[in-house]
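> Residue-level listing of the chains:
Number of protein chains: 2
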Amino acid sequence: MPEKIAVIGSGSWATALVKIFSESGNKVSWLVRNKKQADYIVTNKRNPRYLSQAELDLTFIQPTTQPADALLQANWVIFAVPAAYVQTTVQQLKNEWMQQAQIIVSIKGFVPGTGKIPGQYITDTLHLSNDYIVLSGPCHAEEIALHKYTYVTLSGQDESKLIQLQKNITSPYIKTILNNDAVGVEYVAILKNIIAIANGIADSLQYGDNFKAVLTSNAMREVQQIVNKVAPQQRDFFDSVYFGDLLATAYSDFSRNRTLGKLVGRGIQVRKALQMMEMVTEGYYASKELHSILQSPRLNVPVINSVYRILHAHANPYYEMKLLEQQLQ
Amino acid sequence: MPEKIAVIGSGSWATALVKIFSESGNKVSWLVRNKKQADYIVTNKRNPRYLSQAELDLTFIQPTTQPADALLQANWVIFAVPAAYVQTTVQQLKNEWMQQAQIIVSIKGFVPGTGKIPGQYITDTLHLSNDYIVLSGPCHAEEIALHKYTYVTLSGQDESKLIQLQKNITSPYIKTILNNDAVGVEYVAILKNIIAIANGIADSLQYGDNFKAVLTSNAMREVQQIVNKVAPQQRDFFDSVYFGDLLATAYSDFSRNRTLGKLVGRGIQVRKALQMMEMVTEGYYASKELHSILQSPRLNVPVINSVYRILHAHANPYYEMKLLEQQLQ
Numbered sequence: 001m002p003e004k005i006a007v008i009g010s011g012s013w014a015t016a017l018v019k020i021f022s023e024s025g026n027k028v029s030w031l032v033r034n035k036k037q038a039d040y041i042v043t044n045k046r047n048p049r050y051l052s053q054a055e056l057d058l059t060f061i062q063p064t065t066q067p068a069d070a071l072l073q074a075n076w077v078i079f080a081v082p083a084a085y086v087q088t089t090v091q092q093l094k095n096e097w098m099q100q101a102q103i104i105v106s107i108k109g110f111v112p113g114t115g116k117i118p119g120q121y122i123t124d125t126l127h128l129s130n131d132y133i134v135l136s137g138p139c140h141a142e143e144i145a146l147h148k149y150t151y152v153t154l155s156g157q158d159e160s161k162l163i164q165l166q167k168n169i170t171s172p173y174i175k176t177i178l179n180n181d182a183v184g185v186e187y188v189a190i191l192k193n194i195i196a197i198a199n200g201i202a203d204s205l206q207y208g209d210n211f212k213a214v215l216t217s218n219a220m221r222e223v224q225q226i227v228n229k230v231a232p233q234q235r236d237f238f239d240s241v242y243f244g245d246l247l248a249t250a251y252s253d254f255s256r257n258r259t260l261g262k263l264v265g266r267g268i269q270v271r272k273a274l275q276m277m278e279m280v281t282e283g284y285y286a287s288k289e290l291h292s293i294l295q296s297p298r299l300n301v302p303v304i305n306s307v308y309r310i311l312h313a314h315a316n317p318y319y320e321m322k323l324l325e326q327q328l329q
Numbered sequence: 001m002p003e004k005i006a007v008i009g010s011g012s013w014a015t016a017l018v019k020i021f022s023e024s025g026n027k028v029s030w031l032v033r034n035k036k037q038a039d040y041i042v043t044n045k046r047n048p049r050y051l052s053q054a055e056l057d058l059t060f061i062q063p064t065t066q067p068a069d070a071l072l073q074a075n076w077v078i079f080a081v082p083a084a085y086v087q088t089t090v091q092q093l094k095n096e097w098m099q100q101a102q103i104i105v106s107i108k109g110f111v112p113g114t115g116k117i118p119g120q121y122i123t124d125t126l127h128l129s130n131d132y133i134v135l136s137g138p139c140h141a142e143e144i145a146l147h148k149y150t151y152v153t154l155s156g157q158d159e160s161k162l163i164q165l166q167k168n169i170t171s172p173y174i175k176t177i178l179n180n181d182a183v184g185v186e187y188v189a190i191l192k193n194i195i196a197i198a199n200g201i202a203d204s205l206q207y208g209d210n211f212k213a214v215l216t217s218n219a220m221r222e223v224q225q226i227v228n229k230v231a232p233q234q235r236d237f238f239d240s241v242y243f244g245d246l247l248a249t250a251y252s253d254f255s256r257n258r259t260l261g262k263l264v265g266r267g268i269q270v271r272k273a274l275q276m277m278e279m280v281t282e283g284y285y286a287s288k289e290l291h292s293i294l295q296s297p298r299l300n301v302p303v304i305n306s307v308y309r310i311l312h313a314h315a316n317p318y319y320e321m322k323l324l325e326q327q328l329q
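These protein sequences, in sequence, are chains A and B.
According to the UniProt record's numbering, the first sequence is numbered sequentially starting from 1.
According to the UniProt record's numbering, the second sequence is numbered sequentially starting from 1.
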């Protein structure tokens, strides 16, 4: 039986998810921001601003601006808004619209000012079961639009639910794999952006691949330490859901976070650099939130600390990198 | 007291090592291939063909074509020839020229037709102690020429010798770190080239970053499995000597091995593709040697096996990748 799936969010990634679930034959109710956008989608079978190269099959998609319409009767509710909008999104929602549904979270970034990962924040705030599922990459939405072969990982405690969700994804270019570590996966998806910023800073300060390979491998170990501390459980960081995701972002020349690092590394003030970025740069906020989380378990994480000092405490990128030259192993 | 160091090899990497050790104030006797090359170096203070951008300080460097001249009285003998030339190089050498010296190996690749890693082959053939030191990256020689900050790892069983060698490296842009796993480091340096070939094949078959991140993380796990099998000992693959080196090659767009993969992925015959490459492509030979080594411990290494079949058993790259789409996790 086809399922009813609600997707909350209207960016590139939400659009990619709507595409995947609708073309798999599920009914998708899609909660978008405004009526103009909803009308455009119905008329043009595309999202006007994000991932507009992807054609959508409106037979299976119902865009709406009314949260209750989107959520009532949905078996699955997918949160796919940018982390910066999680709070305002959740404020519009009511617990009773989602009591029967399984929550799925596909958001990269801490919820600003809370020190919480999105799944935790959403389920806590809406008083829902915290047995949520995380849907994650490594995936660039643009490649989904092009039907490039992509692995999607579903993470959660309840394997039977993961299997049920897996059955609702039948796009031929998508392979789903299952994992039991929703919290760890959310953390890695956040922390990788800080590594990308560190690499961008090193780029602008003329470090070569030799050093960046060392910087990245050290940073990867820092990520492991942090995740094992905040969410202790057995995990293999070489699984593609962790490592592939880290690789696709942290070592990619093209990520927004790396670009922010490059700007800051060139000596541009952080505030100015953020203004120059057209989209939200998650790593900037992640670095700040993480700093408060890391106050009590004092870990040896020099790369993460260095990025924090550069972005949030006016430290000089040149001297911070000189310091890292001596600290990294 | 300055040490006497012999460097065997006249490619880019050997030149980078001559530069590092000579500018650190050691006397370097440099065994090069022919008199013309030796004369050119003396006259022009550069290697004519490889890494010629690096200026060399001839006060400390003695180029020679006579093995005995180079090796007698050397405290350290560094082998830095391409793997393909290890056998012919060793044939010219005598055990008695090196009995007092510590052997250092800085070669990436199996010794063709032997299934042996270079350190093992050299010490076995010359009846030397097999307690050799491996000197490794992540390092591109070109970045050494530019004085880009670089970590060099010294691996071996005898820590006091590693510390002694470390003291002979004082270039301000080089940091040395120590490691106790010479054999594992040699293996990783070889296997990473096979991953680079796999990524090149995926490039030409139009796979995107989503899939290549999964391909690479799976391949990294295969490398771990193999190394843990052939050289069992405790090691952290996220150490920069393993992981940084893997990263700098396996995921770089610019490696020779990746280029070979791209050519083959485009449907060019392997023999033709090899001819098109101007330099030796280690991964091609590594794939073949590894296949015979892996006959007895049957490991689950689909990426490594796939590259073998494509390069050495006429398998079709397109179908091999389709198979991997289903096998990777």
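Just so you know, these hints were derived from the structure itself, not from any lab.
Since this is a predicted model, take the numbers as computed values, not measurements.
Take the hints with a grain of salt, since some may be wrong.
Just so you know, same-sequence chains aren't split out, so a pair can sit in one copy or run between any two.
[Said to hold, decoys possible] No farther apart than 25 Å at their CA atoms in a straight line, the calculated lysine-lysine pairs in the DSS-like style are these:
1. K94 - K272
2. K27 - K94
3. K148 - K229
4. K322 - K148
5. K229 - K94
6. K161 - K322
7. K161 - K36
8. K116 - K94
9. K167 - K35
> If a hint holds in the structure, say so; if it doesn't, say that too.
For each hint, the structure was consulted:
1. In this assembly of identical chains, the alpha carbons of K94 and K272 never lie at most 25 Å apart, being 38 Å within a copy and 65 Å across copies at closest.
2. In this assembly of identical chains, the alpha carbons of K27 and K94 lie at most 25 Å apart only when taken from the same copy (22 Å versus 77 Å across copies).
3. In this assembly of identical chains, K148 and K229 lie within 25 Å of each other by CA distance neither inside one copy nor across copies; the values are 35 Å within and 35 Å between.
4. Only between protomers do K322 and K148 lie at most 25 Å apart by alpha-carbon distance; the minimum there is 12 Å, versus 40 Å within a single protomer.
5. Proximity of K229 and K94 under a CA criterion of 25 Å is satisfied in neither setting, with 33 Å inside one chain copy and 54 Å between copies.
6. Taking CA atoms no more than 25 Å apart as the test, K161 paired with K322 passes in neither setting, with 49 Å inside one copy and 28 Å between copies.
7. When the C-alpha separation of K161 and K36 is checked against a cutoff of 25 Å, the pair qualifies neither within a copy, at 35 Å, nor between copies, at 72 Å.
8. Within a single copy, K116 and K94 get their C-alpha atoms as close as 20 Å, which meets the 25 Å cut-off; across copies the closest is 66 Å, which misses it.
9. Taking the shortest alpha-carbon separations for K167 and K35, neither the intra-copy value of 32 Å nor the inter-copy value of 70 Å comes in at or below 25 Å.
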